[in-house]
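For this one, chain A is given, so just place chain B on it according to the hints.
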Amino acid sequence: MLETIEQTKSGYRYVAALREQFGRAVQDESWQAPDQVTLTVDLNTLPAIVSWLYYQQGGWLAVVAANDERPLNGNFALYYVLSVEGNGSEPAQNSDKCYMVVRGLVPPYQPEFPAVTPHVPAAVWYEREVRDMFGLQPVGIQDERRLVLPDDWPEDLYPLRKDTMDYRLRPEPTTENETYEFLDIGDEELVQIPLGPLHITSDEPGHFRLFVDGEHIVDADYRLFYVHRGMEKLAETRMNYDQVPFLADRICGICGYAHNVAYANSIERALDITIPERAHYIRTILLEVERLHSHLLNLGLACHFVGFDTGFMQLFRVREKAMQMAEVLTGTRKTYGMNLIGGVRRDILKDQRVQTLKWIAELRQEVTSLVSILLETPYIVQRTQNVGRLEPQVARDYSPVGPTLRGSGFDRDIRVIHPYSAYDRVPWTTSYKDGCDVLARTLVRAEEFFTSLSLVETCLETMPEGPILVEDFQYKPYRFALGYVEAPRGEDIHWSMLGDNQKLYRWRCRASSYNNWPPLRYMLRNNTISDAPLIVASIDPCYSCTERVTVVDVRKKKAQIIPYKEMERYCRERKDSPLKT
Amino acid sequence: MVLKLVQELFKVGQATVPYPFQPVELAPGFRGKPEYNPEQCIACAACTIACPPNALSMETDLETGRRIWSIYYGQCIFCARCEEVCPTGAIKLGSDFELASFTREDLTVRAEFELAACSLCGVYFASAKQLNHVLALLDQAGLPPAEAADRRALLTACPECRRKIDLPRVKPLAQEAFNDRLQH
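Going down the list, the sequences are from chains A and B.
If you're matching positions, the first sequence starts at 1 in this note's numbering and goes up one per residue.
If you're matching positions, the second sequence starts at 1001 in this note's numbering and goes up one per residue.
Incorrect hints may have been included.
Unchecked claim - Sample of chain B residues with no beta-carbon within 10 Å of chain A, all distances over it, derived:
#1 1009
#2 1064
#3 1087
#4 1132
#5 1133
#6 1168
#7 1184
Unchecked claim - Below 30 Å or equal to it, Euclidean Cα-Cα: the simulated DSS-like pairs (lysine-lysine) are:
#8 575/A to 233/A
#9 1011/B to 321/A
#10 503/A to 1033/B
#11 321/A to 1004/B
#12 350/A to 1092/B
#13 1092/B to 503/A
#14 358/A to 321/A
Don't read these hints as lab results, they were simulated from the structure.
As the structure is a prediction and not an experimental result, all values here were calculated from the model.
Ideal Cβ positions, reconstructed from N, Cα and C, are used throughout, including at glycine.
Excised from the complex, chain A in its bound form (with noise of 0.2 Å):
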């Protein structure tokens, strides 16, 4: 009887087939829903599992989540999420695809793991954060450097551990001076370029290195971080736990309410709440009237950064309409603040239906007008095909997300491999293509607009009468599981777990540009200077952007800064490199 209860799980076939492969290793398995469970393994074996799982059962990394949990059983935990989508030997179907949580344990006085990034390029970044964060150090990796912690932050002091600070505390500095390295790519022909501390297009934080020779950018560096809120410290000691909705709106300015989706599924999927059909209705609407902002926006951004202003203004003028229409459903120009554990706070009615209604129509017949124009511009095509590849086997490295991994022709979308809200109750189709560019990525945004619009549509149409929140349920104490939203860029994940105080014990939310950052170094390869910033536009990245880049150039050994504005200049005239002063 058990075991045909087990075999209704979705991810039971890999979990067979991982205690057959690795029995032994295999110490605790716990479900948190029909398609999330999470092993305990045994740590030394952990890379073999999560490489196992990412290459022969079809895995990407969603995210990894490290806990202090020495107050609960006296070790630190690392939990490896993948999403497990099968490996082709069968035919693929949504019910054999779930989120495999591969859980290890590291004891406090050996705060040390195997790291699993030498088998698994994915997990780079995320070691590097639980190294800084956690002060366990992933053994086997070598990029010894900092990823989140700035330059001046005390050698052994741990944020994120239980018993080091409290979320006020400001550490004295401990030097004056940068510390961080850039890479040192071994040919001193070449010339570095920093570019940064701002992003060129999202006017964002962040410092690039090209190494270039001449105008052809023979490899990149970056370092980000450089605005670290301090979020998840923040949840977990300050706020309560229906509280954090709200902070998690603010994660992204752009994708606000996808990661307050993500934290209340897993909140309501740790607690067992079911939550009303038309409160399922009602979030898909926002989600997907946020995606139209956001892939406004970045079709705006891509004609700006390609010198074609005029499509800019005009994209940004009917994105208006977008944002209108958030302001008509939730009160906020940002859809802010919808969201409540159990449900939503707002209904959807007549009036602002049958208003959305009319701008989605509107929209239709002025962005398919837009586009056209856009495509029939030679030179946008000139500019953005064959720019800036993300090869296949990149993307498969690294696990990007969203339309940076659909223009690489992998047709992957977390609404259809793991539905939520009401994406499995209307029909609509995925977009993807096969050119690996700049323009491939583009067009996939704006293939999804048009879906998007559809999307709203149906579910304005078809959306169930009834309740929008339950509210009698109960706070269980150190539950936990995983929430899950594709983002207008990607999927944003999100691993809760409940205290015992009205709190949460741990919170760890991942942006989707998390993923999306490490390829980027090999998009950026074999492309020239003045395309960096339309390549690092591509991904659309969320950051808070590159005031000035540093060029080096290694044949003549010198290292420039260019300001921003030259570089965006040249990005868009393509005319008097600011090399050649």
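Below, chain B without anything else, positioned relative to chain A:
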């Protein structure tokens, strides 16, 4: 292509509005500045507990028997949780969003409330308006006079004295439960 674009541009005409010289049109249900009505407020603190960014706060001074409620609009995220949890409708979101100011003080609203003293020991323990609100509800509940008087005595006492009143009544019950347990 250029022709198509130019046609499009002429068709659209001017897309911007001359704000701030002309007010912007806001959607009905727009969430702006929370408007506070101290007359309605009973200083129960429900909003200060719900407020995610701590824009609402309350300070209680047990020496002087005063409680100060305050909102700092600089921290407000216009989520309307306060409106949602307020039992008396004392705080409601308006549509004002132009809050820029040169001083912090302009963004703060305060209200002062008196505390009620315990009917037995005289220690301040709850907002007087909240206590009166609860007592008024009690009157409306239509309980038998003896029970109503009993409840009233409990409600007007501070938590400490309430425990002392309750203890002799709870004791036999507790004893009974204990005996029950021994038998089973």
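Here is how each hint holds up against the structure:
no., hint, in the structure
1, 1009, "violated, 8 Å"
2, 1064, "holds, 29 Å"
3, 1087, "holds, 16 Å"
4, 1132, "holds, 28 Å"
5, 1133, "holds, 23 Å"
6, 1168, "holds, 33 Å"
7, 1184, "holds, 28 Å"
8, 575/A to 233/A, "violated, 47 Å"
9, 1011/B to 321/A, "holds, 17 Å"
10, 503/A to 1033/B, "holds, 28 Å"
11, 321/A to 1004/B, "holds, 22 Å"
12, 350/A to 1092/B, "holds, 23 Å"
13, 1092/B to 503/A, "holds, 27 Å"
14, 358/A to 321/A, "holds, 10 Å"
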